[in-house]
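Colleague: The primary structure of each chain is shown beneath.
Protein chains: 2
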Amino acid sequence: MNDNENRKITDPTEHKEAMQDMQESMRAKMRAAKEKKGLIIVNTGNGKGKTTAGFGVVVRTLAHGGKAVVVQFIKSSPDAVAKLLKSDNLTWHATGGGFTWDTQDRDGDIALCEQGWALATAAMDDPEVNLVMMDELNVVLRYDYLPLERVLEKLRTKRPDLHVIITGRDAAPEVVELADLVTEMKEIKHPFAQGVKAQRGIEF
Amino acid sequence: MNDNENRKITDPTEHKEAMQDMQESMRAKMRAAKEKKGLIIVNTGNGKGKTTAGFGVVVRTLAHGGKAVVVQFIKSSPDAVAKLLKSDNLTWHATGGGFTWDTQDRDGDIALCEQGWALATAAMDDPEVNLVMMDELNVVLRYDYLPLERVLEKLRTKRPDLHVIITGRDAAPEVVELADLVTEMKEIKHPFAQGVKAQRGIEF
Chain S
1 MNDNENRKIT
11 DPTEHKEAMQ
21 DMQESMRAKM
31 RAAKEKKGLI
41 IVNTGNGKGK
51 TTAGFGVVVR
61 TLAHGGKAVV
71 VQFIKSSPDA
81 VAKLLKSDNL
91 TWHATGGGFT
101 WDTQDRDGDI
111 ALCEQGWALA
121 TAAMDDPEVN
131 LVMMDELNVV
141 LRYDYLPLER
151 VLEKLRTKRP
161 DLHVIITGRD
171 AAPEVVELAD
181 LVTEMKEIKH
191 PFAQGVKAQR
201 GIEF
Chain W
1 MNDNENRKIT
11 DPTEHKEAMQ
21 DMQESMRAKM
31 RAAKEKKGLI
41 IVNTGNGKGK
51 TTAGFGVVVR
61 TLAHGGKAVV
71 VQFIKSSPDA
81 VAKLLKSDNL
91 TWHATGGGFT
101 WDTQDRDGDI
111 ALCEQGWALA
121 TAAMDDPEVN
131 LVMMDELNVV
141 LRYDYLPLER
151 VLEKLRTKRP
161 DLHVIITGRD
171 AAPEVVELAD
181 LVTEMKEIKH
191 PFAQGVKAQR
201 GIEF
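Line by line, the protein sequences give chains S and W. Taking this note's numbering, I'd label the letters of the first sequence as residues 1 to 204. Taking this note's numbering, I'd label the letters of the second sequence as residues 1 to 204.
Worth flagging that the hints you see were computed from the coordinates, not collected in a lab. Any given hint could be a false lead.
As the list makes no split between identical chains, a pair holds if one copy fits it or if it spans any two.
Said to hold, decoys possible - Subject to a maximum C-alpha distance of 25 Å in a straight line, what follows is the list of computed PhoX-like cross-link-like pairs (lysine-lysine):
hint: 1; residue 1: K154; residue 2: K83
hint: 2; residue 1: K86; residue 2: K67
hint: 3; residue 1: K83; residue 2: K67
hint: 4; residue 1: K36; residue 2: K86
hint: 5; residue 1: K37; residue 2: K189
hint: 6; residue 1: K67; residue 2: K154
Here chain S stands alone, though its shape is the one from the complex (with noise of 0.2 Å):
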């Protein structure tokens, strides 16, 4: 988990001779990102926080006046999260029918997975809209509930300005290519190993 090869720096001086080189190598970094441009955002691996903060996200759009438009392509009702974010900004679909494990219906699934994509689509093309989330559409690129090439068509043509985010665990290589921000949630413990179970507030 460090990956930071450093000695621990302890002395005050030495301290703020190496923090004004960070500086100025951070500064560097900032002049040369000039380019201000809607972002795609991927959330995906096999640990906790895709969704949750995807949702952060969602919030600072919010904290910031911005419009934002959630589409939850798994869950049947919104997240607890929806219930405390009520705003004239924020619009909420939970399309889903659950867990695919419990729905067991695959042409059912899919029916549900082309509302959430109607959804989704004209929230990309609302351009009072700053910033479509897609929860779990990695997910349902995954069991080829939405044909990916339309999936990718509309992510390539979308508002130069609009940020998208897309969460799920096995993101398609092809999504994480057009994407500009990608990271990978690595579970490195996870209580159920240990016996205990999910927990309001915590987990849902």
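Starting from the known structure of chain S, fit chain W onto it as the hints suggest.
Modeller: Using the frame of chain S, we list chain W on its own:
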């Protein structure tokens, strides 16, 4: 990214059978996981979403009527999220002096960390609080701004029902060892590298 070695199933009947198997295995996992307890959650790694996912859990806690306290150790002013989440059940402290490479003042940073720690421990001792988030505590420990052993001792002796979230890259192995749920946010792709600058509502 694709950690699932299964081939894709498109036949509805075969799909139903596969999902029934998966449902049974999920239920078995749930049955095995019986214990309810306050979790120590660690979000680490060099990728995005460590703090944002933490905020998402804070929102969930509030949505369920729980009480949360956030201590931001490095940030000098509360994240934009705090503005939106005004609630009697949420207390938000930003006790930092800014990025270490901007303050360039080790002794000053340490004094601020001590202030933050005092607020965090007071929150952990308050029996009404359900969740304490200590943002960037891993970084604080990585720089030896707080003694690791003191933090570990507090975590070991926390109220059993209290949830704690610790974020920041370079989590100490001892913290990971003590934690119940550890996720590594791994950077796969970052817009900086493509010359795109940090944007309001997304990065901050």
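Colleague: Check each numbered hint from earlier against the structure, then list the numbers of those it violates in ascending order.
Modeller: Numbers 1, 4 - these are the hints that the structure violates, sorted from lowest upward.
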